[in-house]
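With our numbering applied, the sequence shown corresponds to residues 1 to 541, in that order.
Treat the hints with care, as some may be off.
To be verified - Here are the computed lysine-lysine pairs in the PhoX-like style, where the Cα-Cα straight-line distance is at most 25 Å:
#, residue 1, residue 2
1, 334, 27
2, 103, 337
3, 413, 388
4, 103, 388
5, 388, 412
6, 449, 337
7, 541, 56
8, 505, 322
9, 458, 413
10, 103, 458
11, 27, 275
12, 524, 337
13, 413, 103
14, 322, 337
15, 334, 205
16, 388, 449
17, 502, 56
18, 27, 541
19, 233, 275
20, 56, 275
21, 27, 502
22, 56, 322
23, 383, 368
Calculated from the structure, these hints are not laboratory results.
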Amino acid sequence: MQKNRLILFLIVLSISFSVGAQIQRPKLVVGIVVDQMRWDYLYRFYDRYAPNGGFKRMLTQGHTCENTLMPFAPTVTACGHSTIYSGAPPAISGIAGNSWWDKYEQRNVYCTEDKTVHTVGASNVGVGQQSPRNLFVNTIGDELRLATNFKGKVISIALKDRGSILPGGHSANGSYWYDGNSGNFITSSYFMQELPTWVTAFNQKKWVNNYYEKGWSLLYPISTYTQSTADDKNYETATLGGRSFPYNLQVFINKDYTKIGTTPMGNSLTLEMAKTALLNEQLGQDATTDLLAISFSSPDLIGHSYGPNSIESEDGFLRLDKELGQLLDFLDSKVGKNAYTVFLSADHGVAHIPEFLTEHKIPAQRIKVSEITAKLNTMLLNKYGGQKIIVSDDNYQMHINHPWLDSAGINKKSVINFIVEYLNYQPTIYNAFAAEDLNTIPLNATIRKMLNNGYFPKRSGDVFYMLHPANMEAWSNTGTTHSLWNPYDAHIPLLWYGWGIKQGKTNRDTYMTDIAATLAALLKIQMPNGCVGQPITEVIK
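Please build the complete structure, drawing on both the sequences and the hints.
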């Protein structure tokens with residue numbers, strides 16, 4: 001009898017260890033990046049968000065990290081997307097901007113360009129010559145693929161190529177982005193040799209023409225948009241042919257497929273593509289965790305044109321809220337409630353339009369850096385002769401012509417000192433210094449850290465320059481931009497929802513680099529190979 005009890009105990013113990021050893025993971029991870037979303041949008045429009053919309057549902061039923069910051073500059077799309085999914089800032093990932101001056105190739109390089117591949121899904125050769133090869137680190141998707149011996153699928157989708165390719169990583173099963181020439185989603189031969197039949201079928205529905213047919217009218221009466229400035233301001237960019245509602249988009253049917261991005265229907269198109277991908281790729285339908293990375297590009301295009309205080313931006317986020325609610329409902333239906341994990345963040349924020357701020361006596365200004373650079377080059381030409389010495393002034397950095405200066409035997413340090421001294425005499429420049437002096441000159445610790453994290457020697461400049469808060473580099477006389485260290489560009493939302501997420505709020509400093517680390521901890525897999533973030537333990541049950 002005692003022997004039988006011992007045997008029974010050992011059997012029960014064996015079963016307990018077997019069950020306990022089984023790793024628990026969600027069926028699906030959905031990463032959502034809202035391109036150009038300031039943190040304060042969560043609360044600026046909170047009272048207008050729908051009870052069953054995405055933002056309010058994630059805020060009240062999930063976990064919000066209220067003080068999430070980008071720990072680097074420049075705060076731009078490529079850097080943001082790559083950092084969210086890799087946990088590596090530009091100083092490690094090599095994604096030093098949306099584009100950069102390459103010191104070895106001596107030309108401007110786009111972040112995802114790859115001339116060794118060809119377009120798949122469109123006749124335009126250039127739009128598809130893209131891949132993640134410029135990204136020197138892997139992503140959480142790559143680590144998920146490794147951890148599941150490549151059984152877990154990774155699919156990434158966005159209107160912007162960089163908004164899809166960088167999140168998807170090197171081993172993605174599919175990365176799709178929008179071609180404004182054809183109105184179709186495409187990919188490159190890096191990922192596959194031909195589009196899956198479901199993508200071709202999706203493209204054949206001509207979604208964009210249908211959206212154009214309906215146009216863009218406001219969700220609610222214009223009098224209710226009290227969080228925004230008056231419609232039709234002359235400092236807004238008339239990207240859609242005007243600056244006030246309603247927008248007639250029928251004029252673009254079969255003529256200009258690019259305009260969809262500057263409307264909320266760009267988000268609708270992205271969502272439909274994501275839902276179609278989930279169904280056809282059978283994401284979240286078995287015991288192996290999959291990853292779906294979605295980037296909503298339209299808020300950035302709307303924000304650049306009309307600014308964060310515009311009715312266009314407010315209406316765009318009210319509509320996006322509803323779209324996100326539909327996405328959560330869809331996931332509940334197709335994957336199962338509490339069977340998936342969602343995180344939502346942004347790749348960067350945005351500055352207010354300078355003219356809007358000055359209307360309210362808040363200091364702000366557009367700075368024509370190109371004019372400063374042109375004057376500097378003229379002065380350098382008079383001083384040293386030869387060729388143009390400053391070859392690029394992108395990402396608030398200046399690159400000098402190293403090959404010519406070497407061949408001419410000119411001391412580069414003296415050239416850099418000349419540039420720095422001139423810049424520091426400009427009333428619109430807050431500070432300028434040589435890159436090699438970044439860690440020796442007097443500089444605020446936060447700014448120093450962010451610039452260090454954004455500095456990749458082969459792709460970053462020789463001189464850094466900074467503008468006063470609310471000032472921006474003027475690419476045009478209307479609209480707005482981002483890319484600086486300031487909170488309006490660097491303070492982003494971070495919401496967690498679903499499987500494994502503890503309901504609540506975290507107010508301590510967290511960072512964009514922590515997102516991949518937290519996902520790794522949640523999934524019990526290795527962090528990406530360049531990750532410097534820490535798991536946000538308050539988020540995980």
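Okay, the hints, checked on the actual structure:
1. 334 to 27: This hinted pair holds, its Cα atoms lying about 11 Å apart.
2. 103 to 337: 50 Å, violated
3. 413 to 388: 17 Å, holds
4. 103 to 388: The given pair, whose Cα atoms are some 15 Å apart, holds under the 25 Å limit.
5. 388 to 412: Satisfied, since the Cα-Cα distance of roughly 14 Å is no more than 25 Å.
6. 449 to 337: 41 Å, violated
7. 541 to 56: Between residue 541 and residue 56 the Cα gap is close to 21 Å, so the pair holds against 25 Å.
8. 505 to 322: 23 Å, holds
9. 458 to 413: The hint holds at about 17 Å.
10. 103 to 458: 6 Å, holds
11. 27 to 275: 16 Å, holds
12. 524 to 337: 21 Å, holds
13. 413 to 103: 17 Å, holds
14. 322 to 337: The given pair, whose Cα atoms are some 19 Å apart, holds under the 25 Å limit.
15. 334 to 205: Distance of about 23 Å is within 25 Å: holds.
16. 388 to 449: Roughly 32 Å separates the two Cα atoms, so the pair is violated.
17. 502 to 56: Roughly 16 Å separates the two Cα atoms, so the pair holds.
18. 27 to 541: 17 Å, holds
19. 233 to 275: Status violated; Cα separation ~37 Å.
20. 56 to 275: 21 Å, holds
21. 27 to 502: Since the Cα atoms of residue 27 and residue 502 sit roughly 18 Å apart, the hinted pair holds (cutoff 25 Å).
22. 56 to 322: 10 Å, holds
23. 383 to 368: Holds, because 23 Å separates the two Cα atoms, which is no more than 25 Å.
When each numbered hint is compared with the structure, violations occur for hints 2, 6, 16 and 19.
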